[in-house]
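Given chain A, put chain B in place with the hints provided.
Going down the list, the sequences are from chains A and B. For the first sequence, position 189 matches number 189 in the numbering used here, and the numbering has no gaps at all. For the second sequence, position 153 matches number 153 in the numbering used here, and the numbering has no gaps at all.
Hints in this document: simulated from the structure, not taken from any laboratory. As the structure is a computational prediction, the values presented were derived from the model and not from experiment. Think of the CB as a built atom: it goes at the ideal place given N, C-alpha and C, for glycine as much as any other residue. Incorrect hints may have been included.
If the Cβ cut is set under 8 Å, some of the chain B residues that face chain A in the computed set are [stated by the list, open to error]:
| # | residue |
| --- | --- |
| 1 | 58 |
| 2 | 85 |
| 3 | 91 |
| 4 | 93 |
| 5 | 97 |
| 6 | 100 |
| 7 | 106 |
| 8 | 115 |
| 9 | 116 |
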Amino acid sequence: MFNPFPVVIADYRRNRLLVGITLALIAIAVAIGVAVIAQERALRQGSARAADDFDLLVGAPGSPTQLVLTSVYLKLQAIPLVSGKVLAATAGAPGVRYAAPIAFGDNHDGYPIVGTISDFASRGGELSPTAGRFFSKRGEAVVGAGVPLSIGAQIHPEHGQHHADEAEKRVHEHALSYTVVGRLPARYNVWDKAILVPVEDVWAVHDLPTGHEAGSVRIGPPWTLDLLPGVPAIAVKPESVGAAYALRGKFRSNDSMALFPAEVLNELYGTLGDVRDLMSLLALATQALVVLAVLLALLVGFLARARQFAVLRAIGASSAYVFCVIWLEVSVLIAGGAALGLALGYGASWALSGWIATRIGFTLPPSMGYEELLLAVSLAGIGLIIATLPALLSLRQPIAEGLKA
Amino acid sequence: MAIIDDHLKVSDLRFRFAGQAADLFHVEHLTLSPGQTLGIRGASGAGKTTLLHCLAGIEPVNAGSIRWGGQEISSLSQSALTRWRQQHLGLVFQDFHLVEGLSALDNVLLPASFNAWRPASILRERADALLKRVDIWSPGRPAELLSRGERQRVAVARALLFEPRIVLADEPTASLDPENRNTVSRLLLDLAREHGATLIVISHDAALLEQLDGKLELRDGALHTLESAHV
Chain A
1 MFNPFPVVIA DYRRNRLLVG ITLALIAIAV AIGVAVIAQE RALRQGSARA ADDFDLLVGA
61 PGSPTQLVLT SVYLKLQAIP LVSGKVLAAT AGAPGVRYAA PIAFGDNHDG YPIVGTISDF
121 ASRGGELSPT AGRFFSKRGE AVVGAGVPLS IGAQIHPEHG QHHADEAEKR VHEHALSYTV
181 VGRLPARYNV WDKAILVPVE DVWAVHDLPT GHEAGSVRIG PPWTLDLLPG VPAIAVKPES
241 VGAAYALRGK FRSNDSMALF PAEVLNELYG TLGDVRDLMS LLALATQALV VLAVLLALLV
301 GFLARARQFA VLRAIGASSA YVFCVIWLEV SVLIAGGAAL GLALGYGASW ALSGWIATRI
361 GFTLPPSMGY EELLLAVSLA GIGLIIATLP ALLSLRQPIA EGLKA
Chain B
1 MAIIDDHLKV SDLRFRFAGQ AADLFHVEHL TLSPGQTLGI RGASGAGKTT LLHCLAGIEP
61 VNAGSIRWGG QEISSLSQSA LTRWRQQHLG LVFQDFHLVE GLSALDNVLL PASFNAWRPA
121 SILRERADAL LKRVDIWSPG RPAELLSRGE RQRVAVARAL LFEPRIVLAD EPTASLDPEN
181 RNTVSRLLLD LAREHGATLI VISHDAALLE QLDGKLELRD GALHTLESAH V
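Okay, chain A solo, but in the shape it has when bound (with noise of 0.2 Å):
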């Protein structure tokens, strides 16, 4: 038994700069590719999470992903809408328990004012406001839990992107105020930053019909189809699994699109996860071009210093002792740079996590998975056996040929 680690402390100590240079190469190296499978993982479940409200979408005829990001994450651009006969006919189709409109255009210091029915703002009853209640008629709104905003506060709605007229643009902020009357739960999505109001004022306050007979203060459906404004999204709870493919078919013609979030997710995905091991494939690259640089440098750090592996081997270290001398210091080096890289990485992911979040709206789970283990302890593990090279090496040196050097 024997102990290497004075001779490997000291060489450390000795090389300070070349130790923190070389653990920080490995460690980045590393991090760069754990950030990249975590914050695609963080991607894919937060953007999941945010899909599972939808069951089903339903649309005018066009882009699939247009739909889904419009109504899924609230990326507002204009899109066709669907027509009033349509969003009747879901409201009225067999199989649904609620067909909420989803209308959009207006904010409120940034955040999208989306008219909808109480159905949808509670999910159908799996939703209770943390504070305050639901909405119940016009000119009332309840905000997601990332709304700054408290119950009965005034808000007046600012004018979305399609409004260019400055008459109209008086007219929407002086015309219409909402007042809060409800929290929503957390969702972790771009919904907690949404003011939601009966769709009614939304159709209001863009001057046309509210779906009822003009005076009437009603919400939600029955709606008058002659009196229906299109909307761009419908969202439908279907009953059961069996309905939701139904009515996905049944909605699929020439006046609608329907869809299921997921399928739209999935070949997004699919796309993301190609990113994914392009770019975990470049960072496998990175690392171990960083490896084999650190690996050089230190072949050659030990062929300068065969005179002091020879003085130990002359003043009675066995060749094993000598062995293990370098092979630890290679390998503690990879092996701590590997976990450093981990730790860093996560940390990276967790940064970018909270920086996104803020800029797309919805939350991305960091986490720790299997795969940035594997990289890590692979990276190490390839080190640890390319660290037997210069140990091997060193040791074909007879004692006075490295005494001389």
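Chain B alone, transformed into the frame defined by chain A:
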């Protein structure tokens, strides 16, 4: 592998570098009694260090016999030679060869780490005592902060940690100023004699050589006797 007695006996020792036709040296006969001190001098390139390496089992010989205390070392395997050096040999180099990053005490204790996880307390006490004996009073000081004289004194202490019966020193005072030269020479000799070790020193230091029991010169590939050594 038991040491029968501490006599050095060299017979018909030949060494030549690979690819060379002629021997670098040929030592027909050399013996030393236990505890005897011997100096070897010679011109640069004569082969003094190589001869010392052969006697230490570091350099394999082409022919001949080297027996320390009855143990033929020229036929030992590398691992057996390593064990032999651990147990019986102390080496002092011209350039000290301390491990920077370790303290003076840890440098003296370094050989203990070659066959144990932690040095035994008796070795720690011996290392402390040796450092005091060589006038090093800050055992915790890092080797790189020691003066040249201090480093060589620590190297002498390291060579004597296991109380070897054989001490080989290659130009131990060549890198030192005159004052440190005298100090190290005196310490090396005193400690070798205190431990009863057989001491062989390669040196050009006339003052050091004068204090040794015998002196040889390696010249023209052969050892030429001067005093008290059998050649």
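Each hint tested on the structure:
no.	hint	in the structure
1	58	holds (5 Å)
2	85	holds (5 Å)
3	91	holds (5 Å)
4	93	holds (7 Å)
5	97	holds (4 Å)
6	100	holds (5 Å)
7	106	holds (6 Å)
8	115	holds (6 Å)
9	116	holds (6 Å)
Checked against the numbered hints above, the structure breaks none of them.
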